[in-house]
Structure formats: structure tokens, C-alpha cells
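Colleague: Chains as they are written, first to last, in our numbering: chain A, 7 to 563; chain B, 158 to 530; chain C, 1315 to 1552.
No lab work stands behind these hints, which were simulated from the structure alone. Errors might be hidden in some of the hints.
According to the in silico footprint, chain C covers these stretches of chain B (three or more CB under 8 angstroms from chain C) [said to hold, decoys possible]:
(1) 213 to 224
(2) 247 to 261
(3) 459 to 467
(4) 504 to 511
Keep in mind it's a predicted model, so treat the numbers as computed, not measured. No residue lacks a Cβ here, since even glycine has one placed at the ideal position from N, Cα and C.
Each chain, letter by letter, is given below.
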Amino acid sequence: MSNRIVIDPITRIEGHLRIEAEIKDGKVSEAYSAGTMVRMLEEILRGRDPRDAWAYVGRVCGVCTTVHSLASVRAVEDALGIVIPPNAETVRNIMFATQYMHDHVVHFYHLHALDWVDIVSALKADPKKTSEIAQSISNWPKSSPGYFSDLQKRLTKFVESGQLGIFANGYWGHPAYKLPAEVNLIGVAHYLEALEWQKEIVKVHTIFGGKNPHPNYLVGGMACAIGIDDASAINAERLAMVQKLLQDAKTFVEQVYIPDLVAIASFYKDWGAIGGGLGNYLVYGDLSPNGYRDVSGYKFPAGAILNKNINEVLDVDLRNDSEVQEFISHSWYEYAGGDDAGLHPWKGETKVKYTGPKPPYDFLNVEDKYSFLKTPRWKGNAMEVGPLARVLVGYARGREDFKEVVDSTLRTLDVPVTALFSTLGRTAARGLEAKLVAGWALEFYDQLISNIKNGDSRMANMEKFKPETWPKQCQGVGHTEAPRGGLAHWIVIEDQKIANYQLVVPSTWNASPRDKEGKSSAYESALKDTPIADEHKPMEILRTIHSFDPCLACAVH
Amino acid sequence: MATDSPGKRPTYYEELRAKGYSRRDFMKFCTMITAYMGLQQSGIAQVADALKTKSRIPVIWLHFQECTCCSESFIRTSHPITADILLDKISLDYTETLMAASGHQAEEAMQKTMKDHYGEYVLCVEGSVPTFGDGEYCCIGGKSAVQILQETAAGAKAIIAWGSCACNGCVQAAKPNPTHATPIHKLVKGKPIVKVPGCPPIGEVMAGTLVHIIAFGTLPALDGIGRPKAFYSKRIHDSCYRRPFYDAGMFVETFDDESAKKGYCLYKVGCKGPSTYNACGIMKWNNGVSYPIQSGHGCFGCTEENYWDNGPIYERIPNLAGFGIESTADKVGMVALGVTAAGIAAHAIATNIRKRDVVGNLIKEGKEAEKEL
Amino acid sequence: MNTLSHPHLLRRVFVWEFPVRLYHWINAACIVVLIATGFIISDPPAILSGKEAYQNYWFGTTRFIHFLASYIFLFNFIFRLYWGFVGNKYASWRNFIPSSREFWKDIVLVLKTDIFMTKREPENTVGHNRLAGFTYLLTFFAFALQCLTGFGLYAAMSDWWLPNMFDWVAPLVGGDFMLRQIHHWIMWFFILFTVVHVYLVFFHDYVEGRGELSSMAGGWKFVEEEVFDEADKKHEGK
Ligand code: HEM
Ligand code: HEM
Ligand code: NFV
Ligand code: SF4
Ligand code: SF4
Ligand code: F3S
Ligand SMILES: [Mg+2]
Chain A
7 MSNRIVIDPI TRIEGHLRIE AEIKDGKVSE AYSAGTMVRM LEEILRGRDP RDAWAYVGRV
67 CGVCTTVHSL ASVRAVEDAL GIVIPPNAET VRNIMFATQY MHDHVVHFYH LHALDWVDIV
127 SALKADPKKT SEIAQSISNW PKSSPGYFSD LQKRLTKFVE SGQLGIFANG YWGHPAYKLP
187 AEVNLIGVAH YLEALEWQKE IVKVHTIFGG KNPHPNYLVG GMACAIGIDD ASAINAERLA
247 MVQKLLQDAK TFVEQVYIPD LVAIASFYKD WGAIGGGLGN YLVYGDLSPN GYRDVSGYKF
307 PAGAILNKNI NEVLDVDLRN DSEVQEFISH SWYEYAGGDD AGLHPWKGET KVKYTGPKPP
367 YDFLNVEDKY SFLKTPRWKG NAMEVGPLAR VLVGYARGRE DFKEVVDSTL RTLDVPVTAL
427 FSTLGRTAAR GLEAKLVAGW ALEFYDQLIS NIKNGDSRMA NMEKFKPETW PKQCQGVGHT
487 EAPRGGLAHW IVIEDQKIAN YQLVVPSTWN ASPRDKEGKS SAYESALKDT PIADEHKPME
547 ILRTIHSFDP CLACAVH
Chain B
158 MATDSPGKRP TYYEELRAKG YSRRDFMKFC TMITAYMGLQ QSGIAQVADA LKTKSRIPVI
218 WLHFQECTCC SESFIRTSHP ITADILLDKI SLDYTETLMA ASGHQAEEAM QKTMKDHYGE
278 YVLCVEGSVP TFGDGEYCCI GGKSAVQILQ ETAAGAKAII AWGSCACNGC VQAAKPNPTH
338 ATPIHKLVKG KPIVKVPGCP PIGEVMAGTL VHIIAFGTLP ALDGIGRPKA FYSKRIHDSC
398 YRRPFYDAGM FVETFDDESA KKGYCLYKVG CKGPSTYNAC GIMKWNNGVS YPIQSGHGCF
458 GCTEENYWDN GPIYERIPNL AGFGIESTAD KVGMVALGVT AAGIAAHAIA TNIRKRDVVG
518 NLIKEGKEAE KEL
Chain C
1315 MNTLSHPHLL RRVFVWEFPV RLYHWINAAC IVVLIATGFI ISDPPAILSG KEAYQNYWFG
1375 TTRFIHFLAS YIFLFNFIFR LYWGFVGNKY ASWRNFIPSS REFWKDIVLV LKTDIFMTKR
1435 EPENTVGHNR LAGFTYLLTF FAFALQCLTG FGLYAAMSDW WLPNMFDWVA PLVGGDFMLR
1495 QIHHWIMWFF ILFTVVHVYL VFFHDYVEGR GELSSMAGGW KFVEEEVFDE ADKKHEGK
């Protein structure tokens, strides 16, 4: 007999995700992933000025802030044939790198860590031993016995106050927690330090985009002019600040994030065999030093892998209408061409039609439609996107930097390559790419400096900014590799207005409901066979779901 | 675990001291907070007193139709100990973004606070509420946002509407507002509501608003539409360091032109600073690093009602709905003027035809009178 | 139809008292200035100068002139409202408010005579004809609205109680942005009014021969003796 459990809300994610799972013999036999909030931004964009789109779609998500704006300006520039100046490319790359480091660190400590770290157990840790462990894994200076014992006292006091706040009702003491008390204490310490740190790194966005969350972008380049001889533009002081922030970020990633990741992972190696799921991976690619149009220079190379076959990487074409398609067989939408049609985003439709139960409800009708996410497919295949996909494609493409970090980590943890196809692999891949990006960020910084030094201070190409200069009809696509995976926006412009705008978002790929053939997407497929120790505290489900870093506001938009 | 009757909870001051902060640190913090709340120097003692005697207020933070960037902005707040808000100032008993518990356990945490602290907790709402149909466009734990809001608002001491979503519906309420995204004040009556608009609001503004409530046990002074005066009483334009260029008529004509490099006023590339109320020009973002205008992009009015429909972002005069594509008031006016001029010309010609005899008589009369002279 | 065997006897009537004339020209000047500066405020020209910001102030000056004219415009307008109660019968408020069936009938009559010209003979009035009177009523509403929106905007820039009395206007229309747009749209009413109004003054002067054009300067109009009594009745407020 199987039993249906519901986890709603899934917390420590962005947005409104509901998981329903059948538990049979202590394992998940079937899982259903549902997005339960919709805003219909694609409809709202219709008829608006394409130059403004970045601002609207930026508001799709404040966690992966900037990535939608970036995809949007690229889509519009693609449609209008605008080539942006090199400085603007580099600044966008630096902002991209900043977003990565921020998003991944916050995910690891604030959204994911509590699945592995038992803060209540940290109360029992020996500060001295904690300090020894901390110093053995990293050079990070905040690691004295006094530091940890102060923290522990503070924590004790907090717990004794009886007001556990955000830590109330966690699965503390769950048998699936395996860390020694001391490692738990390190985890808590870095939870708080990361909270402090994350507000620093985003200042790079503030400098170039005026604020964070939701920094400003501009079709044609960036709005932050370079005025080396002026106090009110990007000058030496601003650049020095960027450099300092990027350096500090790199230190944090290398001395805190990665050592913690490896330390924690070493206690959870069994999760290298759980939560793998689809085995199909998709990457659009991004981050070329020569600009977005230079696909061959992408530091995150594009490609698709099917059935875990890392010996073959397939090419991806976002313009080909038989590659990326969206389906709604199990989604609360309707298509003019019927429920089983698959639409390429340039011809995409967003007509919501809710057919689920009337709230309040206990269960969704998963046989029918059960989510506000559409279901994207690549050449008919369900694909996983995100850090793991990127690391695998980079690795499979034989990129040295990927090979180096992947192989050395596998060696340290003493696990086989196949351990990558798992919940643990996903979580590790996120850290590894954060480490790569931390290094690249400084390369981009140097590139910006040398370009300015060579006398190029252009930041925007305004030749085709005025709608009068646009063709009557055109269409474009813009993509990026958002922290959670490949992101692309498709736009159709008619009479200087948006005629159609469609986003296919990383979390849409991963969190979508089944397709017309009943094939699961990444979340549902990864949850299959997950062992569940206690149905009432399904922490294992959270681990795997969190390893994807869900963002449902993104996924539905 | 200890019970949490308010009397037993340690005060902020006790907590800070226990954490190793000195009395001096404490007073510095009070000074800073006082300044943020826009109070006189004399308010410092009051703040200090309040923080010494009050314990952690329970907070329930709801998420509806939003992008979570208000939560993100909140965690960016960066003054001495505000990053410790979570541990020391409030008891954030429910927030989907950060809380450890999920599913039933999360729901239980919320119910417990609603029961144990009825009439005492602060309800923070991030996001708008879709009222379409049965509320099916936003459901959490099987309940609609509409239902959850009504339940949680009932026992709240006060409500804070975070961000433009909760205050004015933000982007999802832009035309045609397909989900009927509705701001909080239109759904909850009879409760004090503080609106903290912005997309998102500045982190320190969010923290400052909470701290005021904690410290005084009262809501901050609000402006005509319910925003804390401390942060929303001035226009961006009146605190903008580019204002001298505005008055001097020195404008950026297009992005990245010479004037942009020199930091001239962004009025002509669409800056809505003259009609936007926020503290960006004064407090700036992310601990004073910059704000949109300082980084070369105009303000687009993210705290104001309907600002998504006030576009296009890069034009000063918005398009007029119902007058076709690219119609601004001026274009319509120009056409009307042309029509009027044509009408006048036609009328003048017609006058000389239709009133020929009337005018003729006047002339005749005049000529006769002349002869009589 | 009168074939005019002999010239008319014209009565010289003192229609526009000095305060009304003064009001009129101050008003006209303010409106011209407000439109000109308003246009500049809404879309300032690109003026390149090598000077530093502190050496320039032309945009500030433009706005200052707009605000200065606004105050004059407001007080002048208030004065005219006052004069509607104490001035002569041609200036009286009764000329503006369609209070009787007859008033409406006259409006239609003027439309027929002046605008559509289906009736040849001039419609006889001494002060405002009734269509004009009614139009000025609408104009006064526009004045009031423009003051409301203008001072509503100005409230945020001023500490004085007078503009601050208008600080409720912005929230009413959903914020300063909308308020500014409304203010901008109403400007077009003024432009159109002015053009039509000036034309009609010339038109009346031309087809009636009663000295309409100069009346706003000297105050005099010349009305045919035989129609005077009937025409003048319309200003008695009956
Ligand atoms: C015939 C009367 C008036 C006309 C035609 C007129 C026209 C205009 C126009 C076109 C603008 C620019 C709006 C935009 O940005 O698109 C403007 C701005 C403004 N007007 Fe007027 N206006 C008139 C009367 C007034 C009055 C009575 C006031 C009262 C104070 C006023 C105060 C303002 C203010 C405060 C602004 C905004 C200026 C700024 O923020 O720099 N206006 N006006
Ligand atoms: C910006 C330009 C002008 C504006 C805004 C304007 C406005 C007005 C207004 C509001 C009235 C009603 C006066 C009242 O309160 O009783 C009026 C009446 C009048 N105006 Fe003007 N005026 C303008 C230009 C002129 C000019 C150029 C002339 C003639 C040379 C003129 C001649 C008259 C006359 C004769 C009347 C009385 C008309 C009647 O009763 O039908 N106006 N004007
Ligand atoms: N899924 C997603 Fe995003 C990301 N990363 C966007 O494209 O989080 Ni809000
Ligand atoms: S107000 Fe803006 S920033 Fe805040 S949640 Fe809404 S969309 Fe995001
Ligand atoms: S940049 Fe914007 S806010 Fe600043 S002075 Fe110019 S118009 Fe005003
Ligand atoms: S857009 Fe918003 S962030 Fe500030 S400068 Fe304008 S209020
Ligand atoms: Mg979509």
C-alpha cells in the first residue's frame, strides 16, 4: 500500500512549490511537482515597449535578480541587430559572475545547509575541537576556540529564549543528520558569516546597476557611463571597489564555501547514489571574453548530454522550432492548437485555465493538470539544467578548468565519476562552478581595465535605440546561464511593440509537471526511489529538491 | 524548552550585552536607529529605553505573488547589528524563504504564533493577492492567499506591506492585471497598515521600519498614503545630487553621451525622480554605495502607484491609451491643434461666403456714414 | 432682413470695467507664459554650454517663471471670481451659468448663428453672448483644475501653507506622475481655447461691427440703439 504525502510549502526556496509523493516501502514511488502561484507576466508584456521589457522580467525573480534582465536585453538586441560595446559585455559578465557567487553561497548556507546541518546538535560541540577542525580544512581566520565558544553561547541563549524563530520546527535530531556536533557548529558559524558576506558582494551590482536586488540594465549596453575623469561615473575609485569586492568574494568562496562543502559532503557520500534522476543535461552556454555573440569563447560551453553519456555532447539551437518546445498537457493552460501541442517559444501562448481543485484542498488531481508550470522539452526529451549540467558539459567538452576542479574533488571525496549524477553531485557542482566563476570574475575585471586603458570608454550603442529605426517586424532570442540553469527569452516585435514574449526558465525545465507521454521532468524523476526514514519528516525529499535550488517565481512567471 | 511569556524573554539590551557588545556600542546603535527614523537627538534616550525593556516581537512574514526580492533586500541591510535582526530583534516565526521547517511543520509554526501571540505579532506581507476566481492563482498548503491573509491578519497587531507588490500590486498588477493582483490595504480593513513600497524597498528602510515598531511599540508617522514619513516624504528629485544640472538645464540627451559621462541630469532620458518618493538619493543602496541615478539610469518610480503603466521608461510623457500606438498627449494635442486651425480656416472662408450680405451691409453702412460726414 | 436705408444709431456702452480688462490681460499673459514655460519644462531643449552647472540656471529660471506666473494666475483668477459678484452686470457670474431654459436656447442660437452660420443676423448681446459665457464657465473649471494639479505638484516643493493646502491632490490621482500628466493634458485645453478664442474675437469684430476687438482694451462696445434694450436684458440674470 502506498501513502500520499504532501509537502506544501516547500520552504527555503523561492516561490510556491508543492510536492506530492507516493511513499511505498520506505521509498518514494511517484512524485508530483506543482507550482501554485502565477502572475502571467508574458501576457502583461504584450504591447509594451521592448526596451522596457528587461525591467518587467527582472521582477520575475529577486533571488536570481539580473538574469532575466540580461536575457531580455540580449533578446531585444538580437531582434534589432544591436551590437553592444566590449565594455558593456564585460560589465555584464562581471555582474553575471557576481550573481553566481551570491546566489550559490546563499543557496548553500541559507537555503540548503539546514538539510545537512543540525543546528541543535551544534549546541553540544566542543569549541576547541571545532576550532581544530576548522583550521585543518581552511585558512579562514575566524576559527579560534573563543570565536566558536562565543557563538555557541549566543546560540544557546537564543534556543533558551524559547523563540526559535526561523529555526522553529526544523527536523532537528532526524536520523538522516550525520555530521558531528563540531561540523554542525562550523556550519552555523558560516551560516551567519555568509549572511553578512552576501550583502557585500552584491555591491558590484550597485556600482554598475545602481542597486541590488534588481539592478538596472539597458538595451544597447549599460547605463553606467565610464568617466574616468569624473566623480559621477565609473572611475578609478568605483573600479577599485569592484576589484576589492571580487577579491573578497573569491576568498570567501575558496576559504569558506568550498572547504565546508567538501567537509559536509564527506559525511554524506551515500547521497552520491541518490537523487540522480533524468540523466539528460542541457546547457545554453555563456560568458565569453569576446562578447556574448562569440559562442566558441563561452567559459560555460553549450551542449546537451543524453542518458548520462558524457562521451557525446550534442549541439543546441534555440532558434530551431523543433528543439525547444513547451507543452501543457498537465499544466493549467490552454493552447489554441489543443492540449497536446508543443510550441516553440516564438509561437508560444500563455493562456491560463485553472482546472484544479477549489481551495482549500488536500490533494491535487495529478492524473489531470496539476501545475502552473509549462513543460519544456528539448527534441522531446526532459532535460535537467543547472550547475550539474554545466559542470558535466564543461567536463565532457574536455575543458581543462572543469576537469581540474571535478577530478580533484572526486579524488578528495574518493568517489567515482558516477557519483556526480546525484543529489550530492548537484550540490557539489554548484560549489565547483562558484569557484571557477570566482576566478573568471577577476579575469573579466582585468579585461575591463585593459580595455579602458586602451582608450575605449564606450558603454552603450544608442544607434538603434529610437523605435523609428526599427524594422516593422522582427524576432530575437536571448539566453544566459542563470544560477539555476539555462535561461532564454524569446521576443517578437511588431510595430515597435512586443507582439509576443516568452520565457523558458531553468526551474521550468526542472520543476515542470509530466509531459503528454507521462514522462517526468527533473524534480519528479530525481525523487523516485528516494528512501524516506520518517514519512512525517520527509527531510530526504527536501534534500533532493533543494539540491536543484528551486525558484518557482522564475518557473511560472 | 522555556515558555515564551513576554516577561521572560530577554530584552535587546540584555541580549546585546550577553553577546559581548558594550554599552557604548549599544548607544551607537540607538543613535543610528534614531537618525534613521528621522527623530531628533532627544529621541535617542527614548529608543535606548525602549530597546532595554522590550523583548523579541513575533513576526509572521507571508509570501504571495512576489519575486522574493523584498526578502533579499531585507537581508542586505547593513548597519552595525542589523544583520542580527533575526537572532536578536524579532522572532521571525514564519517566512517561507528562510525557515527550517517545511510543509505541515511550517504551517504549525505559523498557527502556534497566531494562537500564542494573538493581538501581539506583526504581520509582514510580501507580494500581492490574486483575487481572481476562488483565489486559485496563489495557493500555499492548499489554501488561497486570500484565505491565508484573512486568517493571519485577524490576530495581527499591525501589518507591514513590504514592497510595491503588497502596496500597489507591482508588476503583476500592470495592465491588464490578468490575475487581479490586489494590494493588501484593499483586502484588510480595520488593522493598522504600514506601506513600505519600492521594488524592492531599500534594506535599511525595511529594517528601520521594523525597528521603529519594536522600539516604540507604535507605528512610525505615516504620510497621506500610509508610508513612513521618515523614508518617503521626499522626492528623489529633491535629494538628487544631479539636481544642480537639472536647474542649470544640463541634460543627458542619450545614454553614454558626453553629458552622461559628466553625470548630468537624466530627466530627458526618462528619469521619474521628480514624481517619486523614496530615500534613494539620501540613504542610497547597499550601505550607501550608489543608487540608480548615480549609476547612470533614471529612476523609474518604483515606489509609486501604477508605475509599470506609466511607461515607456525612457520617455517623459507616457503613451495615451486608446489613441493608437506611440501617441503621447503632445501628439494628440498637435493633431487637435491642426484640426482646430483647419476648422478656423474653413470657418473664416465660410464666414465670407455665408455672411457676405451681413458684412456687406456693415461696410455699406460705414461707407454711407462716411459720406454723411 | 434689414436693408439699411439709413445708418444705425449706435449706443456706446461701457461694458468691461477696468478691473475686468486688467484681469483679462494679466490672465492672457500668464497663460501664454505658462504654456511656453510648461512646454519647456516638459521637454527642455538641448542647450550646450561649456559652463559649469553653478554658472547656469536657465532651467531653474524657467521653472521659477512658471511658478511665478502660477501665483499671479491664481490670485488673478480668484480676483475675477470676486469681481463676478461686485462688478457690473456684464461681469456678473450670472453670465456664465446656464440657469434658465432661455439660456440654453440662446446657446443653441449662437451656435446656429456664429458657428454653423445657418442664421445670418447677428445674435444680439452686449457683454458675453451666452455660448461665450458658458464656454468661460468651462474655462474657469479648467483654471481651477490646472491650479489644483499645478499646486498639487508644487506642494512637494514648498513649505508654505498655501501650496501645501493642495497636498491631498497627488494621492487622489495615484501619485505625482499621474498628476503631472493630467496637468500636461489640461495645457492642451488652454492652447486650443486660446486659438479659438482669439479667432472668435476677430470674427465677432468682423461680422458685428461693435468694436469687440478693442473692447478688452478700452472697455467700450457699440450696440445698435434699436436692439439694445432687448440685448441688454440678457445680462440681467433673468
Ligand atoms: C495655463 C496654465 C498652466 C499651464 C498651461 C501649465 C503647463 C505646464 C506644463 C506643460 C508642465 C510640464 C508638465 C510635464 O512635465 O509634462 C507644467 C509643469 C508644472 N506646472 Fe504648470 N501649467 C499651468 C499652470 C500651473 C499652475 C497654476 C501651477 C501652480 C503652481 C503650475 C505648476 C506646475 C508645476 C509645479 C510643474 C512641475 C514643474 C517641475 O516639477 O519642474 N502650473 N506646467
Ligand atoms: C492668451 C490669450 C487670451 C486668453 C487666455 C483670453 C481669455 C479670456 C477670458 C477668460 C475671457 C472671459 C473674460 C471674463 O472673465 O469675462 C475673455 C474674454 C474676452 N477676450 Fe480674451 N483672452 C485672450 C486673448 C484675447 C485677445 C488677444 C483679445 C482681443 C484682442 C481678447 C478679447 C476678449 C474679449 C473681447 C472678451 C470678451 C468676449 C466675449 O464676451 O465674448 N482676448 N478672454
Ligand atoms: N529558475 C530560475 Fe531563476 C535562476 N537562476 C532564472 O532564470 O531563480 Ni529565481
Ligand atoms: S515589490 Fe518588486 S521587488 Fe518586491 S517582491 Fe514585488 S516585484 Fe519583487
Ligand atoms: S537625475 Fe532625475 S532625480 Fe536627479 S535631478 Fe535629474 S530628473 Fe531629478
Ligand atoms: S526606481 Fe526606485 S530604487 Fe529609487 S531611484 Fe527610483 S525609487
Ligand atoms: Mg514561459
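Colleague: None of the hints should be skipped; say for each whether it holds.
Modeller: Each hint, compared with the structure:
no.: 1; hint: 213 to 224; verdict: violated (count 0)
no.: 2; hint: 247 to 261; verdict: violated (count 0)
no.: 3; hint: 459 to 467; verdict: holds (count 5)
no.: 4; hint: 504 to 511; verdict: holds (count 5)
The structure fails hints 1, 2 (numbered hints given earlier, in ascending order).
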